[in-house]
Each structure stands twice: as structure tokens, then as C-alpha cells.
Amino acid sequence: MTAAPLGESTAPSAGTGIAARPPGDGVRALPVGENALLVEVPSGDAAQALHAELLRRRAEGSLSVREIVPAARTVLLDGVDDPVGLAGRLPSWHIPPLPARADGAVEIPVRYDGPDLADVAALWGVDEREVPAIHAAAEFRVAFCGFAPGFGYLTGLPTRYDVPRRATPRTAVPAGSVALAGPYTGVYPRSSPGGWQLIGTTDAVLWDHARVPAALLTPGARVRFVPAELS
Amino acid sequence: MTDRALSVVRSGALTTVQDEGRPGHAHLGVPRSGALDPPAAALANRLVGNPAGAAVLETTLDGCALRPRSAVVVAVTGAPCPVTVDGRPAAWGAPVHVPAGALLDVGSVRAGLRSYVAVSGGVAVEPVLGSRSTDLLSGLGPVPLTDGTVLPVGRPGVLHARVDVVPHVAPPSELVLRVTPGPRDDWFTASALRTLTTRPYRVSSASNRIGLRTDGPPLERAVSGELPSEGLVLGAVQVPPDGRPVVFLADHPTTGGYPVIAVVRRADLPAAAQAVPGTPVRFMLVRRR
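Here the protein sequences come in this chain order: V and A. Residue numbers 1 to 231, in our numbering, belong to the letters of the first sequence in order. Residue numbers 1 to 289, in our numbering, belong to the letters of the second sequence in order.
Because the hints were derived from the structure by calculation, they are not lab data. Please note: incorrect hints may appear among the correct ones.
[To be verified] Here's a subset of chain A near chain V, in silico, CB distances under 8 Å, partners left out: (1) P23; (2) L28; (3) V30; (4) T180; (5) E230; (6) G231; (7) V233; (8) V263; (9) R288.
All of these numbers come straight from a predicted model, not from anything done at the bench. Heads up, the beta-carbon is just placed ideally off N, CA and C, and yes, glycines get one too.
Same shape as in the complex, but just chain V (with noise of 0.2 Å):
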């Protein structure tokens, strides 16, 4: 298993989509296969504000869908009976915008003591032991899940402090890191290969299929990181 690229290049807008695209409006709803499509919108924040409104449609029952996986730029929408039909109304939809703020933030404690934080405080041009301080200052948000079951991509950090992954992936990453790669921070549900840079550890367990709800993480949620105290 290998975790998918974090490349944030933008695709090219020429393309088959069969939407129409409203002018200053870049959503494009893409039918993929029989019964999914795939909306592209132009940034990540676009794609949770989206993903938001989906699931409000989800919910009060005027939008029938089996599967909304938000992901980096896009959420696919999969167990649609009509893709096309929806393609074609979706770009018009009013989507409102996140909050900025929210209440009930998960909290996850963290002793920042991973092998890259000496790596992670150089790209920042930062002290060592600024990163810390930087990193828990940040109010995060699960973009999307993936590579692995409870697995999230967190957003949150201001864009000067995105870092590239490292160059030779660790052959195993124990569960509980805490990395940073391309403008996201992720904690390893369980022990995998793995090529983000680690900055630190926590005992929060991120999944555990025993419990309800599996994932510590979802969609949308918000999240702080805690420094633990040191002892």
C-alpha cells in the first residue's frame, strides 16, 4: 500500500465535462461510469464547503446518494441514479460558505518529538522548538479521509509552512505519528509505510473498528492538536 501523491497542481480546465461552467463559478461535475460523479471545484476549501452542502441535501432528503467522498479538490458522489441529470443542475446550486469558526473540536494530544522536526523547523525557518508551538496554534479541519481507514487529511496551516515529503518513505511509520505533508497534517491510524515528515506522537486512537463511531476523524470535522505536558 502506498499513500496517494499530494501533488497540488491544478488540472487543466479544457476537458469533456458536460456541464455547462458558470463564469466565476469553476465547479464541473464529471459523470464517472454509470452511477457516480466526480465535482471538481476550484479549491480545497470549495470541495468542504461542497461536501458540506451534500451532506445537508443528503440529510433533509432531496439528494439521493450512496457514497460522498470528499477528497484534495474534488467530492465524488457514487450510487447516483441519474449522474447526467445531476451534472447538469449541480453548477448551479447556491453552495454557502464554511464558518471560520466552530465549536466541539476534537482534541488530540501530541508530544512533539518526532525523527523530522529538526527537518520540519529548517523548511519552516524556524527554531526546533518553534514548531511545536506553531503547529498547535492552528485550528485544523479533515478535508477527506484516505490511504487508510481513519486516515484524514488535515488542513489548517497557514500555506507558508507546506513541506514536500520525504524523499525515501519510511518502510514502516509507527501508529500515533503525527506528519505533515504537501498543506496537510495526518496521524498514522496503525503502523504503514509512509513518506510524510513526522513531527510528533500521540496515544489518541484514530481507529478502532470495536468502537462507535471506527474514526476519531471524519470529513469535516475540526481538530486542535495539544502539546502534551512535558514531564
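Add chain A to chain V, keeping to what the hints say.
What follows is chain A alone, placed relative to chain V:
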């Protein structure tokens, strides 16, 4: 452990527990999983009077051998293969009575790749997120069978078999997969879709429950950058950097960052599950209606 159980005497190359999988959790990074040849699994269940969603065993190439602790009715479907009970030939594709302590042997396939073994009452391992399926990508569900594994079996229901025997259907010598273009065909050169849908491919030996990999002419990208991760559907034809298309099967990742040039029609995927390495593959272009 009650006496309603199966002892695994020979686990075979790869035998897993499968049902209809765990769709509905893709947003958490959980693959759908489930039997790769759903019609064959459903048929096996019908033959022993199980509901369609009961868990069965999915074998790979060389079957498996089981010893039930109490009398059960079993049925073997999917890839045709010899079936014996204590060494005596028994029927493939029909209900077979296996006495307590007898040895059921599901042999090597004569054609195809994956056989399905249903047992009356269903394999009753503990479900995970509503499914008993083994998911080889993310490790959810029971681990693949090993020699000595003991599998609990559920109580038979009141259903009666609704079919008596089924014909062997020889897998076709060529795997024809109908595809609709997109969503990322615009990431490829104009000739790539034509190459995919007119040139010959073969099933690669690197295929597994995650994807059917192919050997054949590579598909050339028009856009070189990386695609931000996006949601994937069953049957997506993803093209990794080597240009060889991969058809995603039940254990596929929920998101991925290589472009999907086309999607295989759902009805053609059971045949893909039975295509042995080396089988010619023809991707047939079907425009969306």
C-alpha cells in the same frame, strides 16, 4: 466453539471470507471489499438456502479443504473445479451434503480463477462495520485462511434452495470490458483512449483483489503534473506512471492520485474476477447514453 464450525485442513493459495462487502464507508477510507464475482457468490448461497448476503469462502486457483464439525450442506460455484467428499466425487454447482467430520475438498480450477464455497448457515465470523469480508488493502475483516483455522458457521435459516443445478459456464477466452470514458480522459493524449479501446492487452500476473493489472501498449499522458487525490469507483481504469491500465476491483483504495481514463461497466467485472493471467483483454468503448 460450538460444533457448528469448519476446520480448515488446506487453506489453498489464497482463501478469504467474503460477503457483499462494506460499501458506504468510503469517506472514512474504508474499501468496499466483498466477493469479486458477486453473481457466483450469490448463486452458491441460493444453492444452500442462505440469504444472498451470507458470508462464503472465495478461493484462488487451487481451492481449499474443509472438515465440518457437524453435518452441513455446501455448494461450490464460480470457477469450475473438482469437488470431493472423503475422496468421493461430488457435484460442482449443486447442493452437496457433507457429514460431520468428513473432508470436503475443493480442487484446482479447470478454468477461471476464483471458486466460491457456501455453507448452510453461512460463515459466521464477527462482522466488522457490518461485513464479514476480508479486505486485503486495509486489513479489515478476518485474515486469509491458514491451515488449522476454525471458522464458526451460523444456524441454517428456513430458506430452501431455489435452484438445483447450474451449468458450467466456461470463462470466455477473451475478457471484454466495456468502458465509458472519463473522468480524466483529458489528462491523456488524443490517441490514448483509441489505444486503450483498439489495441490488445493481457491480464498481468500482478493482478489481485485490489486491481486487475494489464500488460499492453502504455497510455501516454498529455498532462504531466500530479493529480490531487480524488475519490475512486469500482471499475475505474487508473493509469499509473508506467502507462499500463489497472482496473480497480473490490479492495480498491477509496482515493487515488493517478488519473482515471475510463470506467468499466459494473456488469463486466465478475468476468474480470475470473480472468487468469495472460488472458487477452479488449476494452470496448461504450458512449454514455
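Hint check results:
no. : hint : result
1   : P23  : holds, 7 Å
2   : L28  : holds, 5 Å
3   : V30  : holds, 5 Å
4   : T180 : holds, 6 Å
5   : E230 : holds, 4 Å
6   : G231 : holds, 3 Å
7   : V233 : holds, 5 Å
8   : V263 : holds, 3 Å
9   : R288 : holds, 6 Å
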